[in-house]
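Student: Sequence:
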Amino acid sequence: MHILHSEKNRNTDKRKRALELIEILVVVAVCIIMYFHERGATPRADGDTLPALGDRVLFGTYLGEPIEWRVIRNGNRGEVVLLSEHILTMKAFNAADSGDFNYDDDGNSYWSVGRTEADSNMELQAHVRGNSRWADSDLRAWLNSDRENVVYDGIGPVASAMSSHKNGYASEPGFLNGFTREEREAIVPTENVTNGNVLDGGEIRSTDLVYLLSEEELSWLVEANVNIRARPTAQAVRQDQTTWYNMYSLELGIEAYYWWLREPVPDTASNCYVVDIGYRSRLLRGDKAVGLEGFGVRPAVKVDTGKITLSGREPERVTAEETQEPDSQE
Numbered sequence: 056m057h058i059l060h061s062e063k064n065r066n067t068d069k070r071k072r073a074l075e076l077i078e079i080l081v082v083v084a085v086c087i088i089m090y091f092h093e094r095g096a097t098p099r100a101d102g103d104t105l106p107a108l109g110d111r112v113l114f115g116t117y118l119g120e121p122i123e124w125r126v127i128r129n130g131n132r133g134e135v136v137l138l139s140e141h142i143l144t145m146k147a148f149n150a151a152d153s154g155d156f157n158y159d160d161d162g163n164s165y166w167s168v169g170r171t172e173a174d175s176n177m178e179l180q181a182h183v184r185g186n187s188r189w190a191d192s193d194l195r196a197w198l199n200s201d202r203e204n205v206v207y208d209g210i211g212p213v214a215s216a217m218s219s220h221k222n223g224y225a226s227e228p229g230f231l232n233g234f235t236r237e238e239r240e241a242i243v244p245t246e247n248v249t250n251g252n253v254l255d256g257g258e259i260r261s262t263d264l265v266y267l268l269s270e271e272e273l274s275w276l277v278e279a280n281v282n283i284r285a286r287p288t289a290q291a292v293r294q295d296q297t298t299w300y301n302m303y304s305l306e307l308g309i310e311a312y313y314w315w316l317r318e319p320v321p322d323t324a325s326n327c328y329v330v331d332i333g334y335r336s337r338l339l340r341g342d343k344a345v346g347l348e349g350f351g352v353r354p355a356v357k358v359d360t361g362k363i364t365l366s367g368r369e370p371e372r373v374t375a376e377e378t379q380e381p382d383s384q385e
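In terms of our numbering, the sequence shown opens at residue 56 and continues consecutively.
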């Protein structure tokens, strides 16, 4: 009887230890889930984890230099949306089809301190200052091309079609030319809906590998605690042939600079919104014609992390002012 009683006690102890081990494992699992939830990260079935919102990652190169991105959206299928941490280049959104900014095909000038016909005739405005329609823009064609010679509709982004006849990029290889095949294959096409301009009268759909954010999508940066303001890379400043960054930002003691959204300004044919530099309280400016060549490009891209591993480091924290809600325009 004593032997049977001892055996029963040992079995009870084993069951007790097993239950305690299960409880410990459950607590550990809950802690792991809470950790990933707090960071915005999502565990994957293969054991890896999606980058967390706000993380910095490296992906692709531009002009031979690695591009640093911020994670601004996490998907449910291993997909993340990245936005470049810095302004990568200064380029016009779209060239003037007339071939000479603010001049028509007959050489008539629409440069004036007062209003001209190009301020009221929207078709003329688009022709001499560039059309603000994202789907047909030179910048979209360049961002989505991996070719050494990008194919453009019309004359393309030649320097003469820009406001100061600078920063032409018709002969520059496409943005994706600096990405490896593995990186390009990891990019997920994104179905974008963009407001049309005054000539369109409705929304325009496009399928993009690389794109610019809309005004509404700026809220993603707030959610990811990523700075809406951005400064250009040293390479972007060297490449820029204008002096606008120095004039509009540095002379005011500000490092942040204007960068394009794909959002057209209502009731115009040639203006798109840019994110302001932060010198005043406004978030956006709407007085920039798309043929102005000295403003920044901050691309966005969706990546399938099941096809490529994104390396990076922990995000830095920014202030509430730096991630203010996109609620003001001018």
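By construction, these hints were calculated from the structure, which means they are not laboratory data. Think of the CB as a built atom: it goes at the ideal place given N, C-alpha and C, for glycine as much as any other residue. One thing to keep in mind: the hints can contain errors.
[To be verified] In the EDC-like style, the derived pairs of lysine to aspartate or glutamate whose C-alpha atoms are separated by at most 20 angstroms in a straight line are:
# : residue 1 : residue 2
1 : 362       : 240
2 : 357       : 238
3 : 357       : 134
4 : 362       : 134
5 : 357       : 240
6 : 357       : 270
7 : 221       : 159
[Said to hold, decoys possible] Simulated DEER-style distance windows between Cβ atoms:
#  : residue 1 : residue 2 : range
8  : 219       : 104       : 16 to 22 angstroms
9  : 190       : 296       : 26 to 32 angstroms
10 : 221       : 278       : 23 to 29 angstroms
11 : 256       : 154       : 23 to 29 angstroms
12 : 219       : 305       : 28 to 34 angstroms
13 : 359       : 169       : 29 to 35 angstroms
14 : 121       : 307       : 43 to 49 angstroms
Student: Does each hint fit the structure? Answer for all of them.
Tutor: How the hints compare with the structure:
For the suggested pair residue 362 and residue 240, the alpha carbons sit about 8 angstroms apart, so the restraint of at most 20 angstroms is met. Restraint check for residue 357 and residue 238: satisfied, since their Cα atoms lie roughly 11 angstroms apart, inside the 20 angstroms limit. For the suggested pair residue 357 and residue 134, the alpha carbons sit about 7 angstroms apart, so the restraint of at most 20 angstroms is met. Note on residue 362 and residue 134: the hinted pairing holds, with a Cα-Cα distance of about 10 angstroms set against a maximum of 20 angstroms.
Distance check on the hinted pair: residue 357 and residue 240 sit about 11 angstroms apart at the alpha-carbon level, within 20 angstroms; holds. Note on residue 357 and residue 270: the hinted pairing holds, with a Cα-Cα distance of about 18 angstroms set against a maximum of 20 angstroms. Restraint check for residue 221 and residue 159: satisfied, since their Cα atoms lie roughly 19 angstroms apart, inside the 20 angstroms limit. In this structure the hint that residue 219 and residue 104 lie 16 to 22 angstroms apart at CB is violated, the actual value being about 47 angstroms.
For the pair residue 190 and residue 296, the supplied restraint of 26 to 32 angstroms holds, since their beta-carbon distance comes to about 28 angstroms. Checking the proposed 23 to 29 angstroms range against residue 221 and residue 278 shows it is violated: the Cβ atoms sit about 37 angstroms from each other. One distance hint, 23 to 29 angstroms for the beta-carbon pair residue 256 and residue 154, holds here, with the actual separation near 27 angstroms. About 18 angstroms separates the C-beta atoms of residue 219 and residue 305, a value inconsistent with the hinted range of 28 to 34 angstroms.
At roughly 52 angstroms, the beta-carbon separation of residue 359 and residue 169 lies outside the given 29 to 35 angstroms, and the hint is violated. Distance hint check: the CB atoms of residue 121 and residue 307 are about 30 angstroms apart, inconsistent with the given range 43 to 49 angstroms.
Hint check: violations occur at hints 8, 10, 12, 13 and 14; the rest are consistent with the structure.
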